[in-house]
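Student: For reference, the chains in residue letters:
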Amino acid sequence: MGDATTSKPAPIRHLHVGPEFHAEQHIHPEPTSFLRKYVFSMDHKVIAKQFLWYGLFFLAVGGAMAMMLRWQIAYPGTPFPVLGQLIWPQSGGVMPPQSYAAFFTMHGTLMIFFAITPILIGAFGNFLIPLMIGARDMAFPTLNLMSFWTNVVAGLCMIVSFFVPMGAAAGGWQSYPTLSTLVGSPGHGQTLWILGIFFTGSASIMGAVNYITTVVRLRAPGMGYFQMPLSVWGIWLTAILNALFVPVLAAGVLLLFLDRVFGSHFFLAGAAITKGGGDPVLYQHLFWIFGHPEVYILILPAWGIVSDLLSFFSRKPAFGYKATALSMSVITLLSMAVYGHHMFVVGMSPLLSQGFMTLTMLISIPSAVFFLNWLGTMWRGSIRFATPMLFSLGVVFVFGLGGLTGLHLGAISSDIYLHDSYFVIGHFHLTMAASVLLGAFAAIYFWFPKMFGKMMNDTLGKWHFWLTIIPITIVFCGMLVVGYGGMQRRLYNYEAYEFLKHLHPINVWMTRAALLLGASQFLFVGNFLSSLISGKKATENPWEVGTLEWTIPSPPPHHNYDEIPIVLHGPHEFNNPAVAGKDWLAQDEPIDDEPVALGAVGS
Amino acid sequence: MHHWPFPWLTTVDVSRDGWRAEALFWYTTLLCVIAFALVAFALVYSSWKYRARPGGKALYTHGTDRKSFAVTGILAAIVFVTIDMNLVRVSQVDVKEYTYNWPTSPDTVRIEVMPQQWAWNIRYAGPDGVFNTPDDVVTLNEMRVPVGRPVMLNLKAKDVIHSFYIPNFRLKQDANPGYVTRTWFQALQPGNFEIACSQMCGWAHYKMKGDLIVQSEADFERWMKEGVGDAKRRFDPADREQLWGWEWVQ
Numbered sequence: 027m028g029d030a031t032t033s034k035p036a037p038i039r040h041l042h043v044g045p046e047f048h049a050e051q052h053i054h055p056e057p058t059s060f061l062r063k064y065v066f067s068m069d070h071k072v073i074a075k076q077f078l079w080y081g082l083f084f085l086a087v088g089g090a091m092a093m094m095l096r097w098q099i100a101y102p103g104t105p106f107p108v109l110g111q112l113i114w115p116q117s118g119g120v121m122p123p124q125s126y127a128a129f130f131t132m133h134g135t136l137m138i139f140f141a142i143t144p145i146l147i148g149a150f151g152n153f154l155i156p157l158m159i160g161a162r163d164m165a166f167p168t169l170n171l172m173s174f175w176t177n178v179v180a181g182l183c184m185i186v187s188f189f190v191p192m193g194a195a196a197g198g199w200q201s202y203p204t205l206s207t208l209v210g211s212p213g214h215g216q217t218l219w220i221l222g223i224f225f226t227g228s229a230s231i232m233g234a235v236n237y238i239t240t241v242v243r244l245r246a247p248g249m250g251y252f253q254m255p256l257s258v259w260g261i262w263l264t265a266i267l268n269a270l271f272v273p274v275l276a277a278g279v280l281l282l283f284l285d286r287v288f289g290s291h292f293f294l295a296g297a298a299i300t301k302g303g304g305d306p307v308l309y310q311h312l313f314w315i316f317g318h319p320e321v322y323i324l325i326l327p328a329w330g331i332v333s334d335l336l337s338f339f340s341r342k343p344a345f346g347y348k349a350t351a352l353s354m355s356v357i358t359l360l361s362m363a364v365y366g367h368h369m370f371v372v373g374m375s376p377l378l379s380q381g382f383m384t385l386t387m388l389i390s391i392p393s394a395v396f397f398l399n400w401l402g403t404m405w406r407g408s409i410r411f412a413t414p415m416l417f418s419l420g421v422v423f424v425f426g427l428g429g430l431t432g433l434h435l436g437a438i439s440s441d442i443y444l445h446d447s448y449f450v451i452g453h454f455h456l457t458m459a460a461s462v463l464l465g466a467f468a469a470i471y472f473w474f475p476k477m478f479g480k481m482m483n484d485t486l487g488k489w490h491f492w493l494t495i496i497p498i499t500i501v502f503c504g505m506l507v508v509g510y511g512g513m514q515r516r517l518y519n520y521e522a523y524e525f526l527k528h529l530h531p532i533n534v535w536m537t538r539a540a541l542l543l544g545a546s547q548f549l550f551v552g553n554f555l556s557s558l559i560s561g562k563k564a565t566e567n568p569w570e571v572g573t574l575e576w577t578i579p580s581p582p583p584h585h586n587y588d589e590i591p592i593v594l595h596g597p598h599e600f601n602n603p604a605v606a607g608k609d610w611l612a613q614d615e616p617i618d619d620e621p622v623a624l625g626a627v628g629s
Numbered sequence: 113m114h115h116w117p118f119p120w121l122t123t124v125d126v127s128r129d130g131w132r133a134e135a136l137f138w139y140t141t142l143l144c145v146i147a148f149a150l151v152a153f154a155l156v157y158s159s160w161k162y163r164a165r166p167g168g169k170a171l172y173t174h175g176t177d178r179k180s181f182a183v184t185g186i187l188a189a190i191v192f193v194t195i196d197m198n199l200v201r202v203s204q205v206d207v208k209e210y211t212y213n214w215p216t217s218p219d220t221v222r223i224e225v226m227p228q229q230w231a232w233n234i235r236y237a238g239p240d241g242v243f244n245t246p247d248d249v250v251t252l253n254e255m256r257v258p259v260g261r262p263v264m265l266n267l268k269a270k271d272v273i274h275s276f277y278i279p280n281f282r283l284k285q286d287a288n289p290g291y292v293t294r295t296w297f298q299a300l301q302p303g304n305f306e307i308a309c310s311q312m313c314g315w316a317h318y319k320m321k322g323d324l325i326v327q328s329e330a331d332f333e334r335w336m337k338e339g340v341g342d343a344k345r346r347f348d349p350a351d352r353e354q355l356w357g358w359e360w361v362q
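Taken in order, these protein sequences are the chains called A and B. Residue 49 in my numbering is what sits at position 23 of the first sequence, and the numbering runs on without skipping anything. Residue 302 in my numbering is what sits at position 190 of the second sequence, and the numbering runs on without skipping anything.
Bear in mind the hints are in silico, worked out from the structure with no lab data behind them. Do not rely on the hints blindly, as some may be mistaken.
[Stated by the list, open to error] No farther apart than 25 Å at their CA atoms in a straight line, the calculated lysine to any residue pairs in the SDA-like style are these: (1) A/Lys-527 with B/Trp-315; (2) B/Lys-319 with A/Pro-122; (3) A/Lys-301 with B/Ala-350; (4) B/Lys-270 with A/Gly-198; (5) B/Lys-169 with A/Ala-412; (6) B/Lys-319 with A/Met-192; (7) A/Lys-301 with B/Val-200; (8) A/Lys-348 with B/Gly-185; (9) A/Lys-608 with B/Thr-176; (10) A/Lys-480 with A/Leu-493; (11) B/Lys-179 with A/Leu-388; (12) B/Lys-179 with A/Met-192; (13) B/Lys-208 with B/Leu-300; (14) B/Lys-208 with A/Pro-376; (15) A/Lys-527 with B/Pro-117; (16) A/Lys-608 with B/Ala-164; (17) B/Lys-208 with A/Leu-377; (18) B/Lys-319 with A/Tyr-101; (19) A/Lys-488 with B/Arg-165; (20) B/Lys-169 with A/Asn-601.
Taking the hints into account, I'd like the entire structure generated from these sequences.
Tutor: Dropping the structure here:
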């Protein structure tokens, strides 16, 4: 498979520098007031940290809700320890069925839109894009600021919704009408949910426009698309999907808002309608036109980050770099044409169902390509098992499980049995929750030194890894098992059905694993906070890698680069035979006697 | 009868066509287990074999030579043809022979189902074969069907979306407000089974149970006859709510 004699270092191209390039990249003076520096900052690194804190806060809230949901499933009618008494004093600490519905709805909503999205897209998108492409900031810093603060408004809508009469939205994270209209959900909770989704969607669109523009316009000289780190590829493709499909969700929830507040009936039908009437299934189409790209919106940044980290810690160039970048792009395209597999039991036209099934299966081809490239990257490497690498390997493992179980759900006749069962929950938690969460942890452990200038504790990190990967696999694979056993999702008490009673022992073990998973996250919280305060000082390049952000101090200065770097190599030049004395090569580091030809300004 | 792995894990399948979902499920699972075993083996083996050692050096390759492209391409093609195309092929046979192959034989039992929060309204056309007439047999949360005859359902929800789920038949079909959806099944043995709702339909979703009673032909006909008598005696033309049925959709 190629060796040192056949693979030459990337040849140097002429590097053209456009006239607008330097004009756009002023060094702005660092703000001095507290408000401008830390609260309403326009610095992408500060906004990244704001998104990180914001996402971690909602991860904790959504995670705590998951613990309470699992508790109710395994031990129905038993008070949830400590917190139960505070939240449901009127029922002696036992979660009532109405709260169960609100909690699984808000667990999904908060985790997807307010934890994963802010951490991977908001925090790492913001932090990495300018640093990794050699820019001083985002293309539109003010829009960046607005994106974060719009998100805060959205988060407030969600939090406030818990305290209004009749409580938070309780129709599932998809909020299908007519359950989510006044027919099934009176009260302000569902309306606030719609507003929250609308605001966070607007924030995502602002971010997406900014990210796309930044990648297209602000790459340093020499940084072609195929010199970009794969992390930037993943985030960029995510931004493109966000810009295209979040507006569809926004349209869907806007119509739902009109139905609820202004008495229209886009989605109303059945006994509630006396004349005219709409179609509730229309909402499902709108939702899943967005919803299927959404799962790739969530996973693409993690795929990109893992592709980079596997190369970094194997000390080897990413195997088939271009093929990986193109596979991710093909998946991005395919994700727009498969959404109907979420609707096989809706009563859709058979022809549509069969078409969507076949298109869905096509996703296997690019997925297989980048899986093989991940394994190829490790092949004949010299692998260092630092904490970020362990988490990256964990992503490959759980995403393998999650991706493959998608096949059961992509085929019509097995999906008809598995639809709306715990098998679906297991599948999408393995792909969207476990993979993305482990990817986020990999990113945090890896870039923490660059963000905060301190190292995280590696031993604690490794404990955190093992105490996360083992229970997370048990919980979500257990869901696959009970799903095959026939258990539907969203049941307050599954033992109401005779045919599900025998699943009790499995459910109890899943809950135990979930509680362990929850408890072990305190290792992360402890490590994160103590490292922030008293962690070992990070050097400029503690991981010995070559992407641009590691050529500047940790943490980087306000304007990132004193001088915009000139990019000469790809992001993964490890063990390049032309380099002596070290096994890595910075992207802007000339090799001795290497010809560098900078094109004329204005060409 | 078919035999599947781990029979204790799931309900007994008493339907003519439930084996299709099971067969495809286990076929897919087998292929997935093989594929995942290979990935997991490669992951663990590479992690051990290529761990960093003093003096050890990684190979400098970008995996962009022709051989690497060929290996990756061929493996991806094998995955697509052996796994994906096979699943599509099997599933296409299933939908053609069963899922969308609506029963047309005269002995088909036709039932209209109107779920509401949180119960199942069930309607049989009665002797005239026409729905929404005084001889309709209407029950709540109880569906009776004869063994061995195809049963076709028309479903339409009253308030919110529900989903008709009969685990012992490996069958699920959404019922939407506003228009009719269809599904069908055939029981192979008598017995009492559960009808469950599988679409979130409000806080009491978990309690939305019904009974599916599969009887011998004679028992079913006897029950139907009694039911028709009761229906005619109880029919009140002034009660508009009673006429929730609709024109049959084949």
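Student: I'd like to know which numbered hints this structure contradicts. Please list them from smallest to largest.
Tutor: Of the numbered hints given earlier, those the structure breaks are 7, 12, listed in rising order.
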